[in-house]
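Based on the sequences and whatever the hints tell you, model everything.
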Amino acid sequence: MKLIIGQFVPGDSIIHRMDPRAKLITVFIFVFIVFLANNPWTYGFLLAFTVLGILVSKVPFSFIYRGLKPVLFIIIFTFILNALFTRQGDVLISAGWFQLTTAGLKQAIFISIRLLAIIVVTTLLTLTTSPIAITDGLETLLKPLKKWRFPVHEFALMMSIALRFIPTLMEETEKIMKAQMARGVDFSSGSLVKRGKAIIPLLVPLFVGAFKRAEDLAMAMEARGYRGDVGRTKFRLLKWHGRDTGLLSVLAVLTAALILMRG
Amino acid sequence: MEIKINHLTHIYQPNTPFESLALSDVNAVIPSGAFVSIIGHTGSGKSTLVQHFNGLLKPTEGEIHVGDMIISSSTKNKDLKALRKKIGMVFQYPEHQLFEETVEKDICFGPLNFDVPLEEAKRRAREALELVHLPESILDRSPFELSGGQMRRVAIAGVLALEPEAIILDEPTAGLDPKGRRDILDLFTRLHKEKGMTTIMVTHNMDDAALLSDQVIVMDHGRCLMQDRPEIVFSEEKTLTSLGLDLPRAMRFLRKAGQKLGQQWEEPVFSTEKAAETIARSFVRKKGGDRS
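From first to last, the protein sequence lines are chains F and A. Under our numbering, the residues of the first sequence are numbered 1 to 263, in order. Under our numbering, the residues of the second sequence are numbered 1001 to 1292, in order.
Hint data in this document are derived by calculation from the structure and do not stem from the laboratory. Each hint can be trusted.
Facing chain A, from chain F, some residues (calculated, C-beta under 10 Å): (1) K178; (2) M181; (3) A182; (4) G184; (5) L203.
For glycine and all other residues, C-beta sits at the position ideal for the given N, C-alpha and C.
Following this line, the structure appears as structure tokens:
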């Protein structure tokens, strides 16, 4: 089993090489400015930015599509809801209580573009940035919060450890499932109660293993002198390049255009 | 119980970008009552192969005959349960599968899943515990407070309590100390000899494969390259080295000793005793030769 969330596709495009901080800021701001768009022009800009992002990143469309698959249902659902329940403008099709109006169709398309743009851009972030780079970037960006005693470093560490162990846990789950299946457990049939009960022989060993692994990891880190971020230097230094300033400039232009062109 | 593998091919995650060919056109026969070792480099498909024997994986193509059952891609999951009752499986690090509050409950878990009455399951738990040389006093303890070696033996007892006709061992001694290793291997050789249990062992240890088994299957890149008696398999030194596999220790020693002594011993020798004997015999012969 492979997860798509946070799946990094190594590559060498300009977007891959950008500073994770620049990418994080961009995605963060983009999610907000998406809501500025309210007419065909502004939605066009959003789409253009998104498509440009995909093209420049050189990530195959099939990857993006697979990332979209789980949320495609939600997008289609919102599309249908908006199309059906907006009752303004000229009537295009009408059958009984069902009515499709021009305003409804427009609304549905716009909302779908909004969702699509947000999801594609965030997917693009995780596809082009390794999990380590993302947590590194987050840690630096959140550093100011330290003044208010927010444990920024610990937070970033937790995130990277969680990401690192997702595949390990999946593998372990599969292994234990097989071992219990060999002892006659049936995970895929029987009543709901029966299936619920079948989970226990899977969860207990999984938790035991996870705690044991956490203990081992803590010990290994301490043995190598880990004391939190006190006096810790970085192996990978984040460097701000011209391309990162470029990305933020493009974002600024997009924001300005959205504000100017919105009706 | 005889296991026959016909043109078995297995593809993981077919029709996705992660598709990978794990087994391709494997043919082999595991005779009833035999002790068969499967050797091969990491990733050669050993574990994938044995997981087909009790229906944990289904073939993508080809079929497997286990006794009078046939498993193919169209076999229903329902029917696989009957198969799992007949074929026990001891995974690598089997202690990871323990989960019950007491050792007794954990050992009874398997039999109860196969609708064995509670009393009978408890009787089997005691018997299995005896087989793995653990005292009955352990029955009421939590499996999580035992030592690593004890946990593994409890887990193995949990599989033996199913009273399978054949047993699959996937590197049963990984991570054990020398004594633990010997105990576990002795246990399975005994079961094989006394109960005539068909035993299939995946191993990285060439000594175990050579000394214990009637037949050795050599896997490489998802193919079955050889299946034969250990004497024949381990005389193919060149093939084995090219696959990244070693010879048994005794044979390696004889090769080196032979170079020093200007001698060559052709017949494969697996145990330390036999190796010593071989060398001693050649000295006696030499001496005898000098005298005449």
